[in-house]
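A.B. asks: Please model the complete structure; the sequences and the hints are all you need to start from.
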Amino acid sequence: MSGTGNCHVNAVTESFFGTLKSELVCLTKYQTRPEAKYSIFEYIECFYNRKRKHSALGYLSPAEYENQWKLTIPRVHFTGQRSYSLFPK
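Just so we're aligned: the sequence shown equals residues 0 to 88 in numbering that gives the first Met the number 0.
If you're looking for bench data, these hints aren't it; they were derived computationally from the structure. Certain hints may be false.
Heads up, simulated PhoX-like pairs for lysine-lysine below, C-alpha to C-alpha not over 25 Å straight-line [stated by the list, open to error]:
(1) LYS52 with LYS69
(2) LYS50 with LYS69
(3) LYS52 with LYS20
With beta-carbon atoms standing in for the labels, derived distance ranges [as the list claims (entries may be wrong)]:
(4) CYS25 with TYR58: 42 to 50 Å
(5) GLU34 with LEU70: 36 to 44 Å
(6) TYR29 with HIS7: 46 to 54 Å
(7) LYS69 with THR31: 17 to 25 Å
Beta carbons are placed, not taken as given, at the ideal position from N, Cα and C, and that holds for glycine.
C.D. replies: Take a look at the structure:
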């Protein structure tokens with residue numbers, strides 16, 4: 000088992016927290032803990048996952064990448080009935 004903070008084993012997590020710190024936390028002075036939690040939540044949910052482009056995902060946001068991936072999932076079709084997606088919109 001690796002030690003805490005082993006960047007070779009935890010590369011994705013280490014990269015994310017490095018980005019979070021450099022793009023948000025180090026640039027902001029928080030007055031309260033709830034203010035910091037809300038700011039970090041907003042950053043992750045509204046910017047990082049929906050708008051920020053990721054090179055590992057072909058310069059798509061995680062939301063765009065997930066939507067494209069869902070289009071590749073085969074649809075289930077029952078004879079004589081309509082087809083159903085495993086991931087409804």
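A.B. asks: Each hint should be assessed against the structure and marked as holding or not.
C.D. replies: Results for each hint:
For the given pair, LYS52 sits about 18 Å from LYS69 by alpha-carbon distance, which is consistent with the 25 Å threshold. Under the criterion of a C-alpha separation no larger than 25 Å, the hint pairing LYS50 with LYS69 is consistent with the structure, at around 18 Å. Between LYS52 and LYS20 the CA atoms are separated by roughly 17 Å; this keeps the pair inside 25 Å, and the hint holds. The beta-carbon spacing between CYS25 and TYR58, approximately 25 Å, falls outside the hinted interval of 42 to 50 Å.
The given range of 36 to 44 Å is respected by GLU34 and LEU70, whose C-beta atoms sit roughly 39 Å from each other. In this structure, TYR29 and HIS7 break the distance hint of 46 to 54 Å, their C-beta atoms being roughly 32 Å apart. With their beta carbons about 39 Å apart, LYS69 and THR31 fall outside the hinted range of 17 to 25 Å.
Hints 4, 6, 7 from the earlier list are contradicted by this structure; the remaining hints agree with it.
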